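Could you build the full structure based on these sequences and the hints that come with them?
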Amino acid sequence: MATGVRGGLRLDAHKERSTEQALRPASAVETLVMPLDQHAGAAAVPLVKPGERILRGQPIAEPGGAISAWLHSPASGTVAAIEPRPAPHRLGAPSLSIVVANDGRDERVAESARQPFEQLAPEQLREIIGRGGIVGLGGAVFPTAAKLSSARKGHDVRLLINGAECEPYISCDDILMRERAHDVVFGARALMHALAAQTCVIAIEDDTPQAASALGAAIADAHDARVQLRRVASIYPAGGERQLITAIFDVEVPSGGLPADVNTVCLNVGTAAAVAHWVRDGQPLTNRIVTITGDGVLEQRNLEVPLGTPLAALIYDCGGYTGRMSRLIMGGSMMGQSLPHDDMPVIKATNCVIAASALDLQPRAAEMPCIRCGNCAEVCPAMLLPQQLHWYALGRNLDELETHGLMDCIECGCCDYVCPSQIPLAERFRDMKPALLERLAARNSADAARVRFDARTARLERIENERLAALAKKRQELAKKSS
Amino acid sequence: MPFATAPAPHVVAPSSVGRVMRQVLYALVPTVALHVVFFGPGLLIQIVLGVVTALAAEAAALRLRGKPLPPFLLDGSAIITAVLLALCLPPLAPWWLVVSGVAFAILLAKHLFGGLGANPFNPAMVGYAVLLVSFPARLLQWLPPDVAGVEPAALSFVDTLTTILTGTPPARFTWDAITSPTPLDALRTDLALGMTMGEAHANALFSAFGGKGWEWINLATLAGGGWLLALRIIRWQIPVAMLTALFACAAIMSAADPGAYAGPLFHLTSGASMLGAFFIATDPVSAATSDRGKLIYGAGIGVLTYVIRTWGGYPDGVAFAVLIMNLCVPLIDRYTIPRIYGHAR
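Here the protein sequences come in this chain order: A and B.
Heads up: the first sequence at position 81 corresponds to 83 in our numbering, and the numbers run straight through without jumps.
Heads up: the second sequence at position 19 corresponds to 206 in our numbering, and the numbers run straight through without jumps.
Please keep in mind that the hints were generated in silico from the structure rather than gathered at the bench.
Check each hint, because a few of them may be wrong.
[Claimed, not checked] Straight line, CA to CA, 25 Å or less: simulated SDA-like cross-link-like pairs of lysine to any residue:
#	chain 1	residue 1	chain 2	residue 2
1	A	Lys-435	B	Ala-193
2	A	Lys-435	B	Ile-524
3	A	Lys-155	A	Asp-263
4	B	Lys-254	A	Lys-155
[Stated by the list, open to error] Coverage of chain A stretches by chain B, computed from C-beta distances (three or more under 8 Å per stretch; other residues unrestricted):
#	region
5	302-315
6	353-363
7	387-396
8	401-411
9	426-438
None of these values were measured; they are calculated from a predicted model.
Note that CB positions come from ideal geometry on N, CA and C, so glycine has one too.
This is the structure in structure tokens:
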């Protein structure tokens with residue numbers, strides 16, 4: 003049922019400004035803040051107490067459910083507090099966090115000798131990957147071990163390593179692929195082993211020549227014919243999980259389903275590199291590459307940042323704000339979230355921080371009514387009719403929103419971008435989703451209740467029939483006896 | 188440090204409703220220019236009257252609805268309605284015709300239904316239809332094209348203005364001398380009188396494959412429409428479907444009986460064919476939504492235009508064809524929701 007990728011936009015990438023300088027580590031900070039819920043799924047549960055001495059790489063929180071993740075200390079020092087702190091993934095709302103006071107000594111936990119991953123059983127390797135606190139670093143922060151386990155058993159699973167960094171401004175994956183291509187390929191091969199996969203495609207956009215040559219060389223060095231490099235057109239949102247799977251494998255992920263439904267597991271290049279650091283070098287996920295960019299910051303570059311580092315410290319590290327600074331965005335310019343202040347930590351999801359000036363942001367004109375020009379439908383990668391969704395969202399018509407596929411909207415913002423009436427469509431659709439979800443859930447529970455009721459009625463009927471049958475039998479027997 | 192927040196996306200393309208509408212107006216320049224070349228300056232006067240009326244009616248309606256004037260009054264949509272309606276009227280039509288038609292279009296067909304973006308019917312075509320059913324004789328009094336070989340319309344600008352404002356031509360002309368039916372109208376009358384296509388074609392209004400003047404105006408409109416397609420202001424589905432359907436109907440009928448039915452090229456280059464295909468049927472507000480829906484919608488307009496022209500009571504059928512298909516849009520939209528990504532075919 004594949005049709006290739008539909009829609010999308012060619013956008014100004016704004017990536018060169020942050021890739022001119024080589025990757026360097028961020029300067030150390032005194033206090034690091036680790037929100038316990040910085041991954042998808044259940045919040046992690048602390049393993050340490052305030053005042054306790056901890057080492058870099060030491061587990062400080064364990065998974066709080068089947069879908070959850072380990073957290074490790076990004077520095078050596080002491081646990082200063084476990085308390086709510088403003089969190090970027092909650093747009094500044096407080097989230098329970100472990101606050102680490104860095105002693106600056108950078109003492110690491112002793113490494114245990116590592117077995118080569120090839121000698122491990124896939125399920126053992128998946129368990130190890132989970133213990134490294136590894137989550138999807140593309141921004142969705144889904145626990146990687148859980149994703150690996152979602153692959154259907156007994157099928158030929160394909161691994162897709164996503165290096166198609168389609169969002170404007172973000173270049174952390176590009177710099178990673180240029181400078182650490184061997185880590186990406188090593189991680190990809192380890193992930194293949196964990197999945198028992200026979201195919202791996204590393205997909206990148208066609209406007210990243212340095213990354214392409216670095217990856218090509220790393221793949222050649224690995225002497226693993228199962229790993230291929232493929233390029234896709236740099237059309238936003240080519241790096242969206244569903245869009246990339248369609249571009250590479252020519253299949254569509256079913257609505258409401260998972261990539262596993264088409265025997266594919268898709269992971270970001272950063273995740274693959276994190277797997278390499280953990281499985282090969284014994285370093286759990288305690289830092290990540292962050293792009294600091296935008297016209298509102300003096301020096302635009304990529305930094306390797308310990309998790310928990312305050313955003314304000316990153317900006318300071320890059321020379322501070324320029325006078326033109328106006329909006330702080332975590333993520334890219336299309337889907338990134340605008341933050342109310344910079345006193346929040348870098349978390350596993352922080353791929354990019356844009357200090358945006360008026361030059362980066364076009365001011366939105368006053369909203370006009372929809373003239374149904376259809377530009378939105380043409381660019382929608384989910385093949386929706388945003389103009390119809392908008393109309394039905396205005397009238398809060400949940401029936402039609404469901405028919406027209408509101409839940410299939412990936413919130414990429416392409417419709418917004420092209421709208422001549424300057425309607426904030428993506429925001430409208432985001433706002434309408436909870437109401438529709440609630441209704442779908444209510445219907446599901448109503449369906450479940452109906453099934454339960456029918457089963458109960460049938461059960462009662464059966465018991466009654468059995469009772470009547472037993473009664474009739476007894477009567478017969480009595481009649482026989484008396485005769 | 189605190190910052191103001193805003194929802195994603197944080198960048199948008201620099202486009203606006205006004206820009207879209209202005210590009211549509213620029214695309215009409217060749218049509219208007221050739222119209223003036225063949226039929227004199229009457230159209231320009233009609234456009235001025237229409238635009239002034241449209242802006243006044245728009246301002247009044249916005250005021251009554253408690254809407255702000257600045258973004259809406261100058262969005263250009265009312266001006267397009269006025270220009271399209273003016274293009275449909277005879278160049279010498281009296282002033283009150285364009286004024287009442289445009290006022291009806293803006294006040295009733297547009298604002299009573301909710302204004303910009305909410306009108307189920309194309310406002311210009313509603314205005315034209317109202318005028319056509321109310322004052323049919325006035326709307327059929329066209330001028331002969333300057334190249335027709337019939338009595339040339341040697342009207343100066345002042346003559347034209349006086350005729351429009353007073354409703355009667357200057358004393359040295361008579362209506363009969365300066366007016367002529369359109370080629371579509373003439374053909375209809377002649378065929379109804381029992382003439383064959385060949386006999387009807389002998390009329391000085393006709394050239395090799397279309398009506399004199401009209402064929403060039405339609406080609407200019409085609410060029411303007413092509414420009415809008417290249418700019419992606421309009422999509423190909425509606426014009427291609429409409430013109431293909433019109434061509435196919437005319438080709439089939441004229442092949443079946445060449446003596447009784449005009450050929451496809453004549454239909455494509457006559458009347459409002461191109462204007463309808465590229466500027467009227469493509470009005471996104473009142474057209475079908477999905478690509479497949481647009482094909483059905485456009486084809487419906489093409490077929491109905493042919494049917495009305497050939498067997499209906501009016502010489503041209505574009506306006507009624509568009510309005511009838513406007514009526515069908517909710518139905519078409521219901522059955523042509525495109526397949527969504529990840530849903531079964």
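Outcome of the hint check:
no.: 1; hint: A:Lys-435 x B:Ala-193; verdict: holds, 19 Å
no.: 2; hint: A:Lys-435 x B:Ile-524; verdict: holds, 20 Å
no.: 3; hint: A:Lys-155 x A:Asp-263; verdict: holds, 11 Å
no.: 4; hint: B:Lys-254 x A:Lys-155; verdict: violated, 61 Å
no.: 5; hint: 302-315; verdict: violated (count 1)
no.: 6; hint: 353-363; verdict: holds (count 4)
no.: 7; hint: 387-396; verdict: holds (count 3)
no.: 8; hint: 401-411; verdict: holds (count 4)
no.: 9; hint: 426-438; verdict: holds (count 4)
Checked against the numbered hints above, the structure breaks hints 4, 5 and satisfies the rest.
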